[in-house]
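Student: For reference, the chains in residue letters:
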Amino acid sequence: MVMQNVKLALSQKTSVNFLYLNHHLEKLNAPSGVEILLSPLAYKKYKWVRKYFISPPKEGYFIWVKNQPSHPLSTCVGITQRKVRQGLNNLLVVESGIKAESQVACSAFLRNLYSEHRAEGKIILKENSSLSYKHLHSWAEGDFVEPNYEFILEKGAQLDYQYQLLNPPQNLTFKTKYILNDNAKARAKIVILSKKSIININEEMILSGKNTSGSVFLRLVGDKNSQIHSISRLVAKGESRGHLDCQGLILDNTSQIRLVPELINENKKALLTHEASIGRINEEELNYLRARGLTLKEATELIVNGFLQLENQ
Amino acid sequence: MKKPLLEVKNLVVETASKTILNNLSLKINRGETHILLGPNGSGKTSLVYSVIGLPNYKITKGVIIFSGKKINKLTLEKRVKLGMSLVFQNPPVIKGVTLNQLLARLNFAQDKLEKFPFNQNLLSLGKRELNLGFSGGEKKISELAQLVSLNPQLAIFDEIDSGLDITKLKQVIKFLLNNFKNKERSMLFITHRGEILKYLQPTFTHVIINGKIICSSRDWKIIWQTIKKYGYAKCKTCFKSKNIR
Numbered sequence: 001m002v003m004q005n006v007k008l009a010l011s012q013k014t015s016v017n018f019l020y021l022n023h024h025l026e027k028l029n030a031p032s033g034v035e036i037l038l039s040p041l042a043y044k045k046y047k048w049v050r051k052y053f054i055s056p057p058k059e060g061y062f063i064w065v066k067n068q069p070s071h072p073l074s075t076c077v078g079i080t081q082r083k084v085r086q087g088l089n090n091l092l093v094v095e096s097g098i099k100a101e102s103q104v105a106c107s108a109f110l111r112n113l114y115s116e117h118r119a120e121g122k123i124i125l126k127e128n129s130s131l132s133y134k135h136l137h138s139w140a141e142g143d144f145v146e147p148n149y150e151f152i153l154e155k156g157a158q159l160d161y162q163y164q165l166l167n168p169p170q171n172l173t174f175k176t177k178y179i180l181n182d183n184a185k186a187r188a189k190i191v192i193l194s195k196k197s198i199i200n201i202n203e204e205m206i207l208s209g210k211n212t213s214g215s216v217f218l219r220l221v222g223d224k225n226s227q228i229h230s231i232s233r234l235v236a237k238g239e240s241r242g243h244l245d246c247q248g249l250i251l252d253n254t255s256q257i258r259l260v261p262e263l264i265n266e267n268k269k270a271l272l273t274h275e276a277s278i279g280r281i282n283e284e285e286l287n288y289l290r291a292r293g294l295t296l297k298e299a300t301e302l303i304v305n306g307f308l309q310l311e312n313q
Numbered sequence: 001m002k003k004p005l006l007e008v009k010n011l012v013v014e015t016a017s018k019t020i021l022n023n024l025s026l027k028i029n030r031g032e033t034h035i036l037l038g039p040n041g042s043g044k045t046s047l048v049y050s051v052i053g054l055p056n057y058k059i060t061k062g063v064i065i066f067s068g069k070k071i072n073k074l075t076l077e078k079r080v081k082l083g084m085s086l087v088f089q090n091p092p093v094i095k096g097v098t099l100n101q102l103l104a105r106l107n108f109a110q111d112k113l114e115k116f117p118f119n120q121n122l123l124s125l126g127k128r129e130l131n132l133g134f135s136g137g138e139k140k141i142s143e144l145a146q147l148v149s150l151n152p153q154l155a156i157f158d159e160i161d162s163g164l165d166i167t168k169l170k171q172v173i174k175f176l177l178n179n180f181k182n183k184e185r186s187m188l189f190i191t192h193r194g195e196i197l198k199y200l201q202p203t204f205t206h207v208i209i210n211g212k213i214i215c216s217s218r219d220w221k222i223i224w225q226t227i228k229k230y231g232y233a234k235c236k237t238c239f240k241s242k243n244i245r
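Those sequence lines, one after another, are chains A and B.
Per this note's numbering, the very first residue in the first sequence carries number 1; after that it's consecutive.
Per this note's numbering, the very first residue in the second sequence carries number 1; after that it's consecutive.
Heads up, a few of these hints could be off.
Here are some of the chain B residues that sit facing chain A, going by a computed Cβ distance under 8 Å [unchecked claim]: (1) I71; (2) L74; (3) E77; (4) K95; (5) L106.
For lysine-lysine, the following PhoX-like pairs were computed, each having C-alpha atoms within a straight-line distance of at most 20 Å [as the list claims (entries may be wrong)]: (6) B:K70 to A:K297; (7) A:K297 to B:K170; (8) A:K297 to B:K221; (9) A:K297 to A:K195; (10) B:K95 to B:K170; (11) B:K198 to B:K221; (12) A:K189 to B:K95; (13) B:K198 to A:K297; (14) B:K58 to B:K70; (15) A:K83 to A:K99.
Hint data in this document are derived by calculation from the structure and do not stem from the laboratory.
Since the structure is predicted, the reported quantities are computational estimates derived from the model, not experimental observations.
We put the CB at the ideal spot given by N, CA and C, even for glycine.
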């Protein structure tokens, strides 16, 4: 499905703001009020940008949302050739008071490419800005993928982050960190379907400031000899509220899901909560759909797709 | 003589090693409307679950014939494809799947619902996750829309009247009589309410107790008045209704 989205984006080039394949920029179309550059160029052009990179970047994108954009931003990073090893350093900055939407698709366009996609990214939301960020991944057997993103929310900033992986790589290491300052709000939903994959998830949300609130929703499905290991950590430093909701579905006996929710509260006025469950698909739901004429396989697919649905999809 | 649409012969069914249907027999011809009455735990829902083929209902004896075909070993979905459908009393919530998505899978066609009395409700209901936060009435609307899409020969209703006020119940019955009552289709209702019998004017009314149909009559009034006056206990001793089949 994501691959179809990417192909659609390619066919309708006008709708993509940044298209990067293998190690080459294919298209760059910055809308009014937004500056888009390759990250090595941005590193050279702006001194203030350098503090966000550990070392000078070799590839990746820099998106600076200076004024209110009229349309959602669309970024597409793909791999079309065998054994490509991407090492991206990305930076997205949303200026104060701006409300932005961004859709990022990263994908192997073909099977058996045995590619690597490593992406380190920082997303900076300045005071009272907001970002709706939809992150769609689609890979294949043999691919190695390592996204490592850090979201920094300044005072009053709001983030709605959604990550979806329906076509998994052989190995995914997924790291995200969220730092929330005073009055900031963040909501993250991570949905992953794993088939014949090893998935490692490490998430950390730090509620640093006063009156912050954050919630993380994890929806994981393990099928066909998959191993999923997920650590989700909520840390309350300031007066804040946080909630962690982790749910896993196991579709066969060759897969394993390990969920480790961790709550660390360092402020007596903060409240952290969590709920977690791992189980099989509810028999009653399956029978209900079968009573509508769907086969067991069709009913399972429909329920799993529903379980892995992003909001507003 | 015409073959019945559904014939259940001497059925014995177990679930969790407990016998829940005990040598039960039932025959429904095409074009007939049947009512099944019985106290709580008597086996009404177990009977319809066994007929539709829910996996936990194990037939240990007897036979179910639908449309001339023995269906004991057919899976649930194959029985549905043969032309039977169940309207659930308490359908489960399926998160992330909207009613519209399910209707699309059932090849729901708008023209089928031209005379559907709850079209307006369906517009907003269709966008919601299936049965999540649905009121009793909304669940029935959703179930009926699915039933219309499946267009079965035998429609089975497990307490269609629960959660519906009398006005809505009349609308539903009117719709069912107009769209499902004809020479080829049959309906089987489980109910606890007398009003539904009055509106439906069933061909047969049955009483089930302890997993067995102990009384069947063409005269629903006799059965209903007896139950109303004396309770189901009377049914155990009374087999004198006229027209017993």
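Student: Identify every previously stated hint that the structure contradicts and give their numbers, smallest first.
Tutor: Hints 1, 2, 6, 7, 8, 10, 13 and 15 not satisfied by this model.
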